[in-house]
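K.L.:
Based on these hints, arrange chains B, C and D on the given structure of chain A.
Residue numbers (full-length UniProt numbering), protein chains in the order written: chain A, 1 to 80; chain B, 1 to 379; chain C, 1 to 291; chain D, 1 to 180.
Just so you know, the hints here were simulated from the structure itself, not pulled from any lab data. You may find that some hints are simply not true.
What the hints assert, rightly or not - Okay, derived cross-link-like pairs now, DSS-like style, lysine-lysine, Cα gap no bigger than 30 Å in a straight line:
hint: 1; chain 1: D; residue 1: LYS30; chain 2: B; residue 2: LYS34
hint: 2; chain 1: D; residue 1: LYS68; chain 2: B; residue 2: LYS3
hint: 3; chain 1: A; residue 1: LYS33; chain 2: C; residue 2: LYS2
hint: 4; chain 1: C; residue 1: LYS2; chain 2: B; residue 2: LYS54
hint: 5; chain 1: C; residue 1: LYS192; chain 2: B; residue 2: LYS192
hint: 6; chain 1: B; residue 1: LYS34; chain 2: D; residue 2: LYS152
As the list claims (entries may be wrong) - Stretches of chain B that chain C covers, calculated by requiring three or more beta carbons in the stretch to come under 8 Å of a beta carbon on chain C:
hint: 7; region: 15-28
hint: 8; region: 64-74
Values in this document were obtained by computation on a predicted structure and should not be read as measured data. No residue lacks a Cβ here, since even glycine has one placed at the ideal position from N, Cα and C.
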Amino acid sequence: MVAKGAVVKEPGSTRKNKTGSWRTFKPVADKDKCISCGLCYLFCPDGCISVEFNHDYDYCKGCGICAEECPVDAIKMVRE
Amino acid sequence: MVKKVISSAEAVSEAVKRARPSVIPVYPITPQTKISEKLADYVADGDLDAHYIKVESEHSAMSAAIGASGAGVRVFTATSSQGLAYMHEPVFAAAGMRVPIVMANANRALSAPINIWNDQQDSISERDSGWIQLYAETGQEAFDTILQAYKISENQDILLPTMVCIDGFILTHTVDPVEVLSQEEVDSFLPKYTRGYSYLDPEDPMSLGTLADTESYLEIRHDMEIAMEHSLDVIEEVGKEFGDLFGRYYGLIEEYKSEDADIILIAMGSLCGTIKDVVDKERENGKKVGLVRIRSYRPFPKDALKVAVKDAKLAVIDKDISFGAGGAVYMDVKAALDNETYGFIIGLGGRDITPIDIEEIIEKTENPTKDIEWIGLRE
Amino acid sequence: MKGIDEKEYLASGHRACAGCGATIAVRLALKALGQNTVAVSATGCLEVVTSPYPETSWEIPWIHVAFENASAVASGVEEALKAQGKEDVNVLVIGGDGGTTDIGLQSLSGAMERQQNIIYLCYDNEAYMNTGIQRSSSTPFGASTTTSPAGKVSFGEDKPKKNMAMIMAAHGIPYVATACVSHPYDLMEKVKKAAEVKGPAYIHVLQPCATGWGYAPKDTIKLGKLAVDTYAWILYEIDHGKLNITVKPKEKLPIIEYLKVQKRFKHLDEKHIEAIQNFVDQQSKELGLME
Amino acid sequence: MIEIRFHGRGGQGAVTAAEILAKAVFEEGKYTQAFPSFGVERRGAPVTAFARISDKPIRRRYQIYSPKYVVVLDDTLVNVVDVTSGILDDGSILLNSTNNDLSVFEEKNIDASVVDATGVALDIIGRNIVNTTMLGFLAAKTGVVSLDSLLKTIDDTFKGKVASVNKEATEFIYNKYANE
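Bound-form chain A, shown alone (with noise of 0.2 Å):
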């Protein structure tokens, strides 16, 4: 059975598919360094970083942009 007219009634349900998958290297974070300026969390493209700054890894792509622009560099990214 499709939807007619390929409608989705599911919002969000891309969260089915886990793009965790796509990473080769992982952000790490020692929140001992972190300062709470948010920026990790405003500029993730994949909006997997929590309001409390934890990376949400069935869906990080491991970009790196979160380490990059971390003012503390308290984000590395480290192999799988």
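P.N.:
Frame of chain A, contents of chains B, C and D only:
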């Protein structure tokens, strides 16, 4: 109900007014313009409470129609010829997105050469779009069909847009008597719109117009085909319901003295009025000639035609041409039926079609020399 | 973080490239607008990566019809919402630079001229990225794309970038702004203003694209900052006819700093770089950012 | 079925005349149809319009080639188009002219009558718009439509002063020629 002498363009507008669409995005083009002007008048006078969007092109007219219908309201638009060709892309999208838009098309020839007069090349060229296409013979039928079109399109098992095709000038600019139903009468047949399958509401979000890849596109298009086939029944049911209420019955086809005919003409639109006069005359002369008028071109009424034409010889009259292949209706009839069938191309670009032309078609069907003939060509 | 909507309106799991700037722009814009928003997308990267049937990334109502007609679709949506008494719903239209400055310009101009109450957000990655980096009228002078390739006798795109924000301003609409994903608060502030004005608003967001520009995905924000700091991209708004520069970099960097980190400009010689520097300086002067 | 052809110039109201006639005879319980020669004619260019009147529903949808009556709103058209084309043997031409020389029609054995509708229109309406005046003449000469239904339709078609002066001109002409 009141009987008035009005043009078919006005008849369409009167019907639209009573269908009470909330949004009317429209762009002027001859010979459709009379419809959009009339609707603008109604809105200007407060007789129609609709949002009239003066879009900058037909492409945007159809696009805005999809947006508005998708957002959950009843929508009307109208176009013709180049305008329909220009909106080709969103015409396909409207059907694919299953939004129940109703559009009037004032049939007119396509460029080049540029020509503002009537034939049916424009809407015929959209036959594969997934729109239901109904062709009216008269202003009365144009009025009645607009109302039925909403009922057909908005049927939750159908949800395909409907194009009501009326011959440009020959109908749009000709006045004759039309029974105009009252708002109460129309309401008893077509109630006010309530949003159905899809809508854009922040309290109940959904995504319309998504990307379907190789995994699902085939099934989604097949689902459209099922709806289109089912619309054969719905068009008949709605036509009967309309007849029960107002005394004018409509179906997929109209049979005129075809019951015992040896030769049956098959045609669409206003030309069928002239054909009926010729059929009467031929009958007086003892010739068993009849007419089957196709009202629903899409869905194509294969089974109804089969029953109607029996073993008669067929003359299919097209006001369109698929170059290198023949008339579109001719090809459809040939594909659907096994009868001895001849095709005639006529009236392109508004060339007047007289009884003499119809008599020639009958004569050429009696004594055929080739499968497809152009009628009325000058040296 | 204060005052920022914590809800994600563009769900994870979308298929955008790692480091995609477009999704950053849209995430931020939606945080500025909130739930009471309908989004209309033009065909393009964003549309493709967020709506893979039977899934959608959108938490708000969303519609896409075609490439060139998003503004017209939005016009219909807006009027239909009004007809249903929902005047307070934001209608956000999102198009890439191709869908905005090229193929969608006519329908956009029509919607602006009609004063439709919509917010148009152009995410400008300066080429047709969805189909493989073909040039658009928003591609800058000197950029090598697959249809304006640098070659033995060509230095890449030989026309300057279309000045879309000013074309929109010429429509006399109440609010026009430029923005960049590297300046999130400036962007969100502008989207909020756009939502508040009565009538149309246009926001042109520069959105670095790792795939199309040729840099590492981690540098999307860095590229945006470099664009702003070299004055290659100037952040301003035209609020009811009044032009304000919203971000004035402390120190103006030479354009080479921006160009040298991108593969699309790698082939340029001094002469071309000088020409680009001249373009940038001239525009900065016109906008009053430079004497 | 009675078929009538109107000849005029763009802007003279030939199409409106055909429509008023159709609406007026409809008032009398007859079936009607009216339409212009569809075209891109501009102001001043020759225009043709058609009307059909019948006791039975009218189904045919082609131009009129064998009119019973031909109404010519402007006599300069006689030199430009063949206004007599296809006219029935028992048909008539009604011509707006100050020139009473009808020999061109007499030569062809066609019944023709002439009226100075322009003079009447200028006197009563104040403009050289002769379509309603010519309808009054048609009613008086042929009886295809009654004065009463013409006046009612003119009232429905125009507003205020325009309606009243048009009715006056129609009535004036009708009364002048009805009992001739």
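K.L.:
Which earlier hints can't be squared with this structure?
P.N.:
4 and 5
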